[in-house]
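Hey, can you work out the whole structure from these sequences and the hints?
Quick mapping for you: the protein sequence lines, in order, are chains A and B.
Residue numbers for the first sequence, in my numbering: 636 to 1042.
Residue numbers for the second sequence, in my numbering: 39 to 608.
None of these hints come from the bench; they were simulated from the model.
One or more hints might be untrue.
[Stated by the list, open to error] Covered stretches of chain B, going by a simulated chain A footprint (3 or more residues, C-beta under 8 Å):
1) 94-105
2) 546-554
[To be verified] In the DSBU-like style, the derived pairs of lysine-lysine whose C-alpha atoms are separated by at most 35 Å in a straight line are:
3) A/1035 <-> B/111
4) A/670 <-> A/727
5) A/688 <-> A/1035
6) A/974 <-> A/670
7) A/881 <-> B/111
8) A/688 <-> A/670
Note that CB positions come from ideal geometry on N, CA and C, so glycine has one too.
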Amino acid sequence: MIFRRRQPFIHFCLLLLLGFFHMQAAQATDFDSLKRLAKGQTVYFNAWGGDAKINSYISWAGDILQQRYEISLVHVKLTDTASAVSRLLAEKTAGRDTGGSIDLLWVNGENFAAMKRADLLQQQPWVTDLPNWQLTDPVALPALLSDFAEPTDGKESPWGRAQLVFAYDSARLTSPPASATALARFIQNNPGRFTYPQPPDFIGISFLKQLLIELSENHPALYQPVDMANFDAITAPLWAWLETAKPNLWRRGGSYPQNYTVLRQLLGDAEIDIAMAFNPADASAAIARGELPDSVRTYIHDDGTLANVHFLAIPFNASAAEAAKIVANFMLSPEAQIKKADSRIWGDPTVLSMPRLTAEDRAAFMALPRGIATLSDAELGRSLPEPHPSWVPRLETAWKQRYATGG
Amino acid sequence: MPAFVSPIKIRQTSMILLVLAVFVVPVIVGILGIFLPAAGYFPALGFTQLSTHPADLFFSTPGVGPAIWLALKTGLIASLLSLLCCFVILTGLLHTSGFSLLRRALAALVAVPHSAIAIGLVFLLAPSGWLIRILSPAITGFDRPPDWNLVPDPYGWGLILGLMAKEIPFLLMVSLAAMATLPARQFAQIGSSLGYGRLASWVVLILPLIYRQIRLPMIAVLVFSLSVVDMALLLAPTLPPPLAILVLHGFLDADLAARLPASFGAVLQIGLAVGGIFIWLLGERLGRYMVQHWRRAGWRLRMADRYLPAVSAIALIPLLAACAGLVAALLWSVAGSWFFPNALPQSLQLLHWQDIASYGPLIRSSFLIAATASLAALLLVLAWSYTALPKNFTNRWLLGCIFMPFFVPQISFLLGMQISLSRFGLDGSWLALIWVHMIFILPYTWLIVVPARQALDSRLDHVAATLGASAWQRFRRIHLPLMAYPLGTALFIGISVSVALYLPTVFVGAGRINTITVEAVSLAAGGSRGPAGVAAMLQIAIPVLSFIMIHSWLRFRFAGFAGMRSGGLQ
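This is how it looks when you write it as C-alpha cells:
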C-alpha cells in the first residue's frame, strides 16, 4: 500500500526530471526549428532613425543576419516610436491580426506600457527562450524585467542601456552646473546658451522628468500611476523653474531644437554651452566623427541622472515573428553587443552580464576604447530610476499648454 | 438598346471609366476619408455618432489660432512675392543677353526637390550657417553664432524665402510658355513708340495678358504654399507650427483618437485654401483696378527704367540663396570637421559618401517609383489623347478631376486616402504608392502631351494613310518621332515631380517604402548635416541623371527628326 501510495510521487519526480531534460533539448531544437522557419523572411524593424551612427549599426546587423540566417532586415526609420504604436493600434482595430506591417519594434517606457495596455504584443512570452538570454543577469540588473516600473512579462528583449548625460565644451566652460538649481543659476548668468529638445521629444521629456525628480526631492508619488489630484502640487516647482529659465533660454524660449541630435549640433556650433543625450558615449562618438570639438566632456548631476533599459518587442500580428526572434537573439549576442558598445560605432552600454560571458568576450568588452569624453562606470554609478510611465503624457500635455502657443 | 455600338464609342466610354477610376475614386475616397472622421464618425474606433467633438478638440489644441494665421500669412505673402519677383524678372531681364543663361538655370531649379532647397537654406541662413560663417569674425566680430531668431524665425520668413525659391522659377517657366502666344516684343515696341518706359509698357500692356494665362498655375502655387509640409518641417517655426504640420502631428499621434481632430484640421486646411483663394481673388480685383488707373493716368515712368536692373537683381535673391544653399549642402556632404566661424570645412573627407551603399535601397525605390509612375502617367495620357473626343479635352469636370492635386491641399486629400487605404491593408504597398505618385504627376504630363498631340499636323496622317499605313504604323513612324521631345520632357518632369514628393510618400508608403526625399528630410530634421548633405545631392542627382539619359537616348534615336520637333526639352 505504501509503495503504491508513493508511486505518484516518484512518477512526478521522474516526470519533472524528464521534463527538465526535454526542456533543455526542446530549447535547442526549438531554436533550430525557428531558424528553419525564419529562413528567407523579411523583418520590418521599426526603430527610431534619427541618428546616422545607429542606422549604420543596424545596417551592419542586417548584413550579418542575411549571411548567416538568410533574413533580410529592413530598417523602417521612425521619427517617433509612438507613430508605430498608433499604426499597430490601427491594424488591431481594423482586425488585421496577421500579416502586420511591423515585425520588430525598438521600444521602452511609455510606448511599451501603451502596447501592453492595448494588447499589441505577442501573446506568449518569448524572451527567456532566446539562447542569449542566459548571458544576462536580471538579478544584478532588475531593469531587464521591469521597464519604467512596468513588468516586461518576457515580451520584450533587452537591447541596451541608457543614462542621461550632459555634454559641455571644457574649452569654454570649466565647471558645468551639476544640479537643477545650479543649472538655473547658470542659465541666469549665460542668457541664450542653454535649451532642451522640444517635448514630446523623448530626451526633452526625460529632461523634464530629471528636473522634476530633483526639484520634488524624489517624491515617492512619481513612481506610482499619476494622480491628477496632486499633479499640480508635485509639478509646481518644475513649472516655476521653467518659467524663471525661459527668458534666458536659447532664442528666449521662443523656439526649441526638435531632438537631441540637433541639440548636439548646436553645441558643436557653439550656439549653446550644454547638450544632453541618453547615451554616455554619444559625445565621444561625435568627437570621433568631427561633429564636436575634442574639448567636449560629459558629466551627470550630483544626485544622479535618469537611467533605463531599451528593448526590442514583437507585435501581436508580426508577419515574420520567427525571424524577429532570431534578430532579437542576435542583437543580444556578445558579438553584436560588443560592436554596439564600441563608442566608435554607437557606444550603447551592454545589457549582458560580464560574469556570464566567456573570458574571451569579457576581454573584448574590456578592450573597447571608452572614448575621450565618456565617464567611467563608477562615475555613472549615480542613477535615478524612471518615474511611472503614466507621468509622461501628463507632463507632455502640461508643457504644451504652457509653451506651445509661442510668444 | 441600340443594335450596334460603334467601337469608337466603346473605346471612349472605357477611357472615361478608366480616368474616373484613377482620379475620381481617390478624390471621393480621400474627401470622405476626412469629412466623416471630422464629423465624429470613425466606426473602426467605435465612434458612430456624428458630433462636433473633433472640432472642439482641434480648436482646443494649444496654439491652433496662431498656427492658422501663420499658414495664411506665409502662404499669401510667399505667393504674392513670388508673382511680383517673377514679373519683375520678366520686365527687367527678358530679351537681355543673360536671359538664356537664366532660363537654363531656372529649368534646373524647377527640377530640384523642395526639401533639398530647404536643407540648403538652413545650411546657409541659420545663425551658425554659411553666410554668417563667411562674415565672421572679420566683419561681424562673432566668434560664436549670435542668438538670433533665424531659420526657423518666429514670423515664417525662412519658409517664405524657401517657397519663393521654388515658386519663382515655376511661375517664370509657366509665364514663358504663356508668352509663346503673345507678341510681347511688338507690344513693348508699341509701348515705347507711345512714349512709355519699359516698366510702364510691361505693366500696362503685357503683364496683364500673361497673368490671365497663368492664373490657374498661380492659384495652384497659392494652395501649395498655404499647406506646404516638407519645407515647413525644416524652415517654419515650431511653436506653433503652421496648420498643416499641426494636422500631421495629429496623424502621427500614438493615440488613434487624435485622428478625428486631425481630420477636422484637414477639413479646416481646405477651408483655409478656399479662404486664401478668396483673398487672392480680391487682390486680383485690386490689381486690375490699379493697372486700369495707371492706364487712364497714362504714367510713362521712363525714369523708373533706370532702376529696373537693380530691382530685378533683388528679385533674383531667393534663387541665388537657393543655389548658395545647395553649394553649402555639397560642402557639408564632404566636410570632416567644420566648426564656427570657419568659412570652409577644416578638413574634407568622403566618409559620408562612403555610406552611399546604405542609400542604395532608397535610390532604387525613388527611381523605380518615379520611372514607373511617370511612364504610367504618360501612357494613360497618350491613350486618352488618342481615344477621347476633342470636346473631352475641355470638359470642365474631367479637367477638374485631373488637376485636383493642384487645388486640394495635399495633406487633406492624403490623410483621408491613407485612412481608407489602411482599411483595406493597401497602405505601404508599391501599387498604392505608384498610383498616388501618378496622380500627382499626371497633370504635368497632361499639360505637355495634350498640346503636343493637338499640334500634330493631321495632313501627315492623311498622307500616310493613303500610302496604306495602319493606325499603329502611323503612330510609330510619324507621331512618335514628332512628339519624341515633348514625350521625353513629360517623362523627365514626371520623374522630377515624383522624386520631390514628400507627404504622399510618408502617408501612403507608411514607412515601409521610403524614398531619398523622405530620408533627406528626416536626416536634416535630425541635425545630421553631413548625411543630409549627401541625401540632398542624391535627390538632385536622380532628376539630373534621368535628364541626361532621356536626352541622350532621344538624340541617338530621333536625331534625324531634330528639324521637325515642336518644342520639348531645351
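(request) Below or equal to 35 Å on CA atoms is what counts here, so check residue 881 of chain A against residue 111 of chain B. (result) holds (27 Å)
(message) Need the status of pair residue 688 of chain A, residue 670 of chain A: alpha-carbon distance at most 35 Å?
(response) Given that 35 Å is the threshold and the Cα spacing comes to 28 Å, the pair holds.
(request) Compare the distance between the alpha carbons of residue 688 of chain A and residue 1035 of chain A with 35 Å, and conclude whether the hinted pair is satisfied. (result) holds (31 Å)
(message) Verify this for me: three or more residues of the region 94-105 of chain B with a beta carbon less than 8 Å from a beta carbon of chain A.
(response) holds (count 3)
(request) Starting from residue 670 of chain A, check that the Cα of residue 727 of chain A is at most 35 Å away, please. (result) Given pair residue 670 of chain A, residue 727 of chain A holds - Cα atoms ~28 Å apart, limit 35 Å.
(message) Between the alpha carbons of residue 1035 of chain A and residue 111 of chain B, is the straight-line distance 35 Å or under?
(response) Given that 35 Å is the threshold and the Cα spacing comes to 23 Å, the pair holds.
(message) Between the region 546-554 of chain B and chain A, are there enough contacts, at least three residues with CB-CB distance under 8 Å, for the coverage claim to hold?
(response) Since 4 is at least three, the answer is holds.
(request) Given the hint that residue 974 of chain A pairs with residue 670 of chain A, test it: the Cα-Cα distance must not exceed 35 Å. (result) holds (23 Å)
Figure legend: structure checked against the earlier numbered hints; every hint is met.
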